[in-house]
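Residue numbers (this note's numbering), protein chains in the order written: chain A, 1 to 130; chain B, 131 to 260; chain C, 261 to 345; chain D, 346 to 430; chain E, 431 to 549; chain F, 550 to 668.
Hints listed in this document are in silico derivations from the structure and should not be mistaken for laboratory results.
Among the clues, some could well be false.
[As the list claims (entries may be wrong)] Straight line, CA to CA, 25 Å or less: simulated DSS-like cross-link-like pairs of lysine-lysine:
no., chain 1, residue 1, chain 2, residue 2
1, D, Lys-359, D, Lys-411
2, B, Lys-193, F, Lys-616
3, B, Lys-156, C, Lys-326
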Amino acid sequence: MAIFSLLVTANPHSSQGQFSAIQFAKTLLNQGHELKRVFFYADGVLVASRINCPPSDEYNLTKTWAKLAIQHDFELTACVTVAMKRGITNATEAERNALTGDNLDPAFEISGLGQLTEAMLESDRLVTFG
Amino acid sequence: MAIFSLLVTANPHSSQGQFSAIQFAKTLLNQGHELKRVFFYADGVLVASRINCPPSDEYNLTKTWAKLAIQHDFELTACVTVAMKRGITNATEAERNALTGDNLDPAFEISGLGQLTEAMLESDRLVTFG
Amino acid sequence: MKTLYILNNPQHFKQCASAMTEEDTLLLIENAVLLADQLEPRSNYFVLEEDLIARGLSNNAEWQTKDYQGFVQLTLDCDKSVSWL
Amino acid sequence: MKTLYILNNPQHFKQCASAMTEEDTLLLIENAVLLADQLEPRSNYFVLEEDLIARGLSNNAEWQTKDYQGFVQLTLDCDKSVSWL
Amino acid sequence: MSQSLAVIFNKAPYGTQSGRELLDIALMAAAFDMNISALFIDDGVYQLLENQQPDILNMKNHSPTFKALELYGIETVLINQEDLSQRGLSADQLLNVADISPSSNINQIISRSDFVFML
Amino acid sequence: MSQSLAVIFNKAPYGTQSGRELLDIALMAAAFDMNISALFIDDGVYQLLENQQPDILNMKNHSPTFKALELYGIETVLINQEDLSQRGLSADQLLNVADISPSSNINQIISRSDFVFML
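Model the full assembly from the supplied sequences, consistent with the hints where possible.
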């Protein structure tokens, strides 16, 4: 059994990459492999907002990642620099930057790019979805 | 002198279209033309978040649109359906959808696609930036 | 109807050009300005000067240029504009 | 190093293919599965079945298919994967 | 005379999700009594394939909504003949909502419309 | 032996803003003592043009940051020869940070690296 990490850079709202990444994650977990971390970068971080509100008959990517991560105990990490730029922030960062509000889903965390490098070095396979 | 409206669908974080649209808006206003409305659609609505926080040495597109609109009295309208899907919401819509937070910049408003059609019919020129 | 075609994606040039008639005008903006080094100039083809300068390409193009003032004027000189995405 | 190339954008096929060696594998996913109707199949080329089905193209391809289970296995059979964006 | 709008679908579905959002513009404009044409060119011809099943990847299938075009009074729905045959597709693989038309005809509609949108 | 990473710049600057974010990955990985190669191919060769002035459109000029590559110990910085000449560009128009290299060499580095990123 292998340890995977994923790098997800796909825009959740206008491309397919996040759907593909979720399908890939579910499949590898079903096969008994381990998922260490999903690192969100570039427009991929947009999925980490808890106030994303798709029409009720459409899939909620944010909630799906959250549920899957809790169920299988892996990390959902959004890169802080690109997240802040894109209006994705937690309460701590919001306060530090004097922003009036925050929107990070509690299943996600914001951290530095070092978490991507660590995932690369500590996983058997890293697969990118862009 | 002519009346313009703009349709802006470009992702503010990963493409150039919003920069182009602002430059176009500034130029037409300098020439004495009128700007009626900028309608944001698709990933274009992402610019309407007041908690977008680019690095301090980078241009803040949200604040630039806001300042320009107040100075020249034109409307910044984000399409409600595509905005909600992308996690852009005001207090009213947040409450209606039981969301824990809102992020719409006060210079922007959320409204229906009818505002685009109205802009088309009531302007001399409509120019799209995608 | 005299149409201004605004192209920002170099990969869509062929699509866009094939929809144009002879009375139409083409303006290359954003990354599509890169095409000005690779394609033959034409009398109804223009390239946006600020986007050339932004990319360090200001001296290369043999194409006719328009600045943003000219861009606004083109949208008025034509009956409508089509942003080819 | 035996590499799995994962291609999701049909417009980048040529770029991607020219970086590949003979021991490498190509998997078409997302909109790149459209290429399976237009290009010759090869022994080291695969197309993702779920993406064909999603688009109503399941009966067309002469290419070898992989489902998601096969996709995960390919990433393990190769030494690394490159998502060509 | 009412204003006319052409919406041009030129991208395949699902890889980019612009199809659905472009369709919504057409339906809204139709409600304003604009004269609408829906044009399918290049990889946009894949939007009209029958038997799409994106639900197996948890994506919403928006192709049935193309059947609503007629309901909304949108009668000009054209698919580019050359682009179809270049992709090895034939009429019987398509939803029965569009007429097959040569480029020249489609280009004329683009030229004559007051507004033209792509996404 | 330390792990190796190749980052491939294949898009022109500003139209898409991926260049800067890809560069940040390379600089971070260098800080982790990974063995980095920065490769410029296709329209990515425009990333290295001198005299970029995106500030006239209020965009940040990230091209000076490419000069930081050496500072971070990234010594393998290659630009594709064929892609340069196909675009009518010559070495004296470029920032002095990259070596001009044939495709075969660049492909070998992609093949040998433990990780390869594009954006």
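Restraint check for Lys-193 (chain B) with Lys-616 (chain F), where alpha carbons must lie at most 25 Å apart = 31 Å, violated
Going straight from one Cα to the other, do Lys-156 (chain B) and Lys-326 (chain C) come out at no more than 25 Å?
-> Given pair Lys-156 (chain B), Lys-326 (chain C) holds - Cα atoms ~16 Å apart, limit 25 Å.
With a cut-off of 25 Å on the C-alpha distance, tell me whether Lys-359 (chain D) and Lys-411 (chain D) pass.
-> Status holds; Cα separation ~21 Å.
In summary, the structure is inconsistent with hint 2 from the numbered list given earlier, while agreeing with all the others.
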